[in-house]
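Q: Letter by letter, the chains look like this.
Number of protein chains: 2
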Amino acid sequence: MTIASFAFELIARQGRARAGVIHTPHGPILTPIFAPVGTQATVKAVTPAQLEEHGVTLVLSNTYHLYLRPGAELIAELGGLHRFMSWPHPILTDSGGFQVFSLSENRRVDDEGVTFRSHIDGSLHRLTPEIAIEVQEKLGADIIMAFDECAPPYDRAYNERALERTHRWAERCLKAKTRSDQALFGIVQGGIFLDLREQSARFLTGLGFPGYAIGGLSVGETKAEMHAVLELVDGLLPEDKPRYLMGVGTPQDIINGILRGVDMFDCVLPTRLARHHAAMTRTGRLNMMNAAYARDSRPIDPECTCYTCRHFTRAYLRHLIVAREMLAATLLSIHNITTLITLVSEARSAILAGRFEQFAAEFFAAQETLPS
Amino acid sequence: MTIASFAFELIARQGRARAGVIHTPHGPILTPIFAPVGTQATVKAVTPAQLEEHGVTLVLSNTYHLYLRPGAELIAELGGLHRFMSWPHPILTDSGGFQVFSLSENRRVDDEGVTFRSHIDGSLHRLTPEIAIEVQEKLGADIIMAFDECAPPYDRAYNERALERTHRWAERCLKAKTRSDQALFGIVQGGIFLDLREQSARFLTGLGFPGYAIGGLSVGETKAEMHAVLELVDGLLPEDKPRYLMGVGTPQDIINGILRGVDMFDCVLPTRLARHHAAMTRTGRLNMMNAAYARDSRPIDPECTCYTCRHFTRAYLRHLIVAREMLAATLLSIHNITTLITLVSEARSAILAGRFEQFAAEFFAAQETLPS
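Residue numbers (my numbering), protein chains in the order written: chain A, 19 to 390; chain X, 19 to 390.
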């Protein structure tokens, strides 16, 4: 399989931590990278210009949502997802698998695919590996994902069955793929079971994907279990391909992931927290509705360089929240996304400078400090 | 009364239409000007950076709302309204008079002032001319307004009583004013009654304000009645002071106002319509939720140069609205504000070039064309 314009360069390692560049048809992605999520072809409450201004390069969008509304045909007709949402930089779409299992009720899984009802209007739909690829080819993201079955992390029997199916589906996704300008990533599954994870990493590696995701984590397992999976998988996946930890999003999980060889992260956390009045910092969260901030003339984080922190006080943000102004979600989203973008960017610099161990140690030492 | 840093320069006239510059402590305002409204110290769903980028120079904010929440003392403590909302350009605050009469229930007016209940929590408050000036001095806008009583446009007896009171209050506002870096405008009232309007314009002119507002219009009277008032007042107010038509906001009313000597306009219309899915054009409104736009690859207005029209299709905007995404309000607000800013800016160029009559004639001729 030739992937035109797609390549991963591993530039530096320190311990398991990696710094690299993913080349895509829409430009390079410097790794480690955090991708904000634009579920419905928009990162909620933030314009593409604001994302660009704050250093975002990769945006994730959800195949399940776009397939249901406005439909992949419509987006294809309008020139594809990049043009539709006016994001000329790299985009990654997931396969819809996770959403079918988390959002839709009344789903029925068989070896062919999944039949499910829309969470919007209850209408009946079917996704198969072939349809998931077809939809993602219509959307036209730079990186697309294999269609997988997501099992609850502790259910051994379910994970065994789901893994077998996920592997068959991975083969079918590769076979269904027709576009040469998209990189299809396989997804390592297996819950918390290290032998299943090993089996999955070995099987998918054998199929020769241009990148590998680690799925089914950050869904209820302990941090120790998550780390054990990451460490195992790090030793099994090929060094010269990017590794993507799906749905992970706290500063702590991101640094722990980088320490264990992960290159890519995505999460709704920064924008979702913003809509619930929380400002993210490296050490915690500030509930900006708190009365303690009513007369606070400081920015959220004096060291942050985002638009919000350069221009607005905590008192103003609290006023916007109390007065139910939409601008609050925009300004907090910008800040929260910047917090994670700055974190991965500094982690990358530290890896390149050979001082990532110290960077991570200082990061975790700071966690003891309570946010002001 | 000396107004430091405030001055109006009348640069050109064509018929009654005027082009000028209002100099303020926060920079010049080129007139005719349209000011978007930031009721609660934010133009809803739009950042100050986005306003700047789209040519906004003057923003209006509401004294009534800010007095109730978060309070003028808090804003003063945080450095005043410009710093609080991060708008380093000119700001105008109204006096709270109009809101007391339109938003608050259970109000009681006496010659001293108005006692009313908050629309937020029902708490009891009192505004007098002296308090309205004190609050506006704490907020620190460049242009502040006299406290007035707003009467229904067709009630002669009420207008006579209210006008008498408004004139006494105007004198008290002038007397209460202490800051030399704010320009206090008087407000001509009198409903649709031309003799009352004349009486008001003459009385206020005698007090020597640095600018004059025309209040109590666009509240239910006919266009012919509005125009008659504007034409009368144009002949009575001093040529060398700016005239401000409060709360006016459609492209048609703005051009009609400029034709009758008005220099300044403000209105919530562009941002309110945006939150109700309507895109403004010079000739009408497009309901962007309309199914007709589902596959429409055109921008709202191919001739508009705003961020929204440069980057997004009608189909995308409709998708955002249908999917209830906040970005829809932001993108439509940016477009609608730009429509009015571009309109007044082109009107100014036309006046300076001596071709405003033609500009206005073409503008009204185009109204016959249905929007596509």
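Derived by calculation from the structure, the hints in this document are not laboratory data.
Please note that the accuracy of each hint is not assured.
[Said to hold, decoys possible] Within a straight-line C-alpha distance of at most 25 angstroms, the following computed SDA-like cross-link-like pairs (lysine to any residue) qualify:
(1) X/K62 / A/K193
(2) A/K193 / A/E243
(3) A/K241 / A/P256
(4) A/K62 / X/A341
(5) A/K193 / X/V340
(6) A/K62 / A/G302
(7) A/K62 / X/K156
(8) X/K241 / X/K62
(9) A/K156 / X/V340
(10) X/K156 / A/F377
(11) A/K62 / X/E364
(12) A/K193 / A/H143
(13) X/K156 / A/R328
(14) A/K156 / X/H329
(15) A/K62 / X/M307
(16) A/K156 / X/R313
(17) X/K62 / A/Y325
(18) X/K62 / A/D128
(19) A/K62 / X/K62
(20) A/K62 / X/K241
[To be verified] Derived Cβ-Cβ restraints for the label pairs, each shown as a range:
(21) X/A310 / A/G45: 28 to 38 angstroms
(22) A/V39 / X/D199: 19 to 29 angstroms
(23) X/A310 / A/L254: 30 to 40 angstroms
[As the list claims (entries may be wrong)] Okay, the calculated bits of chain X under chain A, using three or more residues with CB under 8 angstroms as the criterion:
(24) 144 to 156
(25) 343 to 353
(26) 369 to 378
Every residue, glycine too, gets a C-beta built ideally from N, C-alpha and C.
Q: Does each hint fit the structure? Answer for all of them.
A: Hint check results:
A distance of roughly 49 angstroms separates the Cα atoms of X/K62 and A/K193; the hinted pair therefore is violated under the 25 angstroms criterion. Restraint check for A/K193 and A/E243: the C-alpha separation of about 33 angstroms exceeds 25 angstroms, so the hint is violated. Restraint check for A/K241 and A/P256: the C-alpha separation of about 24 angstroms stays at or below 25 angstroms, so the hint holds. Taking the CA atoms of A/K62 and X/A341, the gap is near 11 angstroms; set against the 25 angstroms cutoff, the hint holds.
With a C-alpha separation of about 35 angstroms, the suggested pair A/K193 and X/V340 falls outside the 25 angstroms cut-off, and the hint is violated. At most 25 angstroms may separate the alpha-carbon atoms for a hinted pair to count; A/K62 and A/G302 meet this at roughly 22 angstroms. Simply put, A/K62 and X/K156 have alpha-carbon atoms about 35 angstroms apart, too far for the 25 angstroms limit, and the pair is violated. Between the alpha carbons of X/K241 and X/K62 the distance comes to roughly 28 angstroms, so the proposed pair goes past 25 angstroms and is violated.
Between A/K156 and X/V340, the direct Cα distance comes to roughly 21 angstroms. Compliance with the 25 angstroms bound is thereby established for this hinted pair. Between X/K156 and A/F377 the CA atoms are separated by roughly 46 angstroms; this puts the pair beyond 25 angstroms, and the hint is violated. Of the pairs offered as hints, the one joining A/K62 and X/E364 is violated, with about 34 angstroms between alpha carbons and a cut-off of 25 angstroms exceeded. Proposed proximity of A/K193 and A/H143 is supported: the alpha carbons are some 22 angstroms apart, at most 25 angstroms.
For a cut-off of 25 angstroms, the pair hint linking X/K156 to A/R328 stands: about 24 angstroms separates their Cα positions. With a CA separation close to 20 angstroms, the supplied pair A/K156 and X/H329 stays within the 25 angstroms bound. Simply put, A/K62 and X/M307 have alpha-carbon atoms about 19 angstroms apart, close enough for the 25 angstroms limit, and the pair holds. The suggested pairing of A/K156 with X/R313 holds, with an alpha-carbon distance near 15 angstroms, which does not exceed 25 angstroms.
Simply put, X/K62 and A/Y325 have alpha-carbon atoms about 17 angstroms apart, close enough for the 25 angstroms limit, and the pair holds. Restraint check: the Cα-Cα separation between X/K62 and A/D128 comes to about 48 angstroms, which exceeds 25 angstroms; the hinted pair is violated. A C-alpha spacing of about 16 angstroms is found between A/K62 and X/K62, which places the hinted pair at or below 25 angstroms, so the restraint holds. With a C-alpha separation of about 41 angstroms, the suggested pair A/K62 and X/K241 falls outside the 25 angstroms cut-off, and the hint is violated.
In this structure, X/A310 and A/G45 meet the distance hint of 28 to 38 angstroms, their C-beta atoms being roughly 35 angstroms apart. At about 54 angstroms, the beta-carbon gap between A/V39 and X/D199 misses the expected band of 19 to 29 angstroms. A C-beta distance of roughly 54 angstroms is found between X/A310 and A/L254, which places it outside the suggested range of 30 to 40 angstroms. Evaluation of the coverage hint for the region 144 to 156 of chain X: breached, as 0 residues show C-beta separations to chain A shorter than 8 angstroms, against a requirement of three.
Counting residues of the region 343 to 353 of chain X whose CB lies closer than 8 angstroms to any CB of chain A gives 6, so the stated coverage by that chain holds, three being the minimum. For the region 369 to 378 of chain X, the stated coverage by chain A is not satisfied: 0 residues place a CB nearer than 8 angstroms to a CB of that chain, which falls below the threshold of 3.
When each numbered hint is compared with the structure, violations occur for hints 1, 2, 5, 7, 8, 10, 11, 18, 20, 22, 23, 24, 26.
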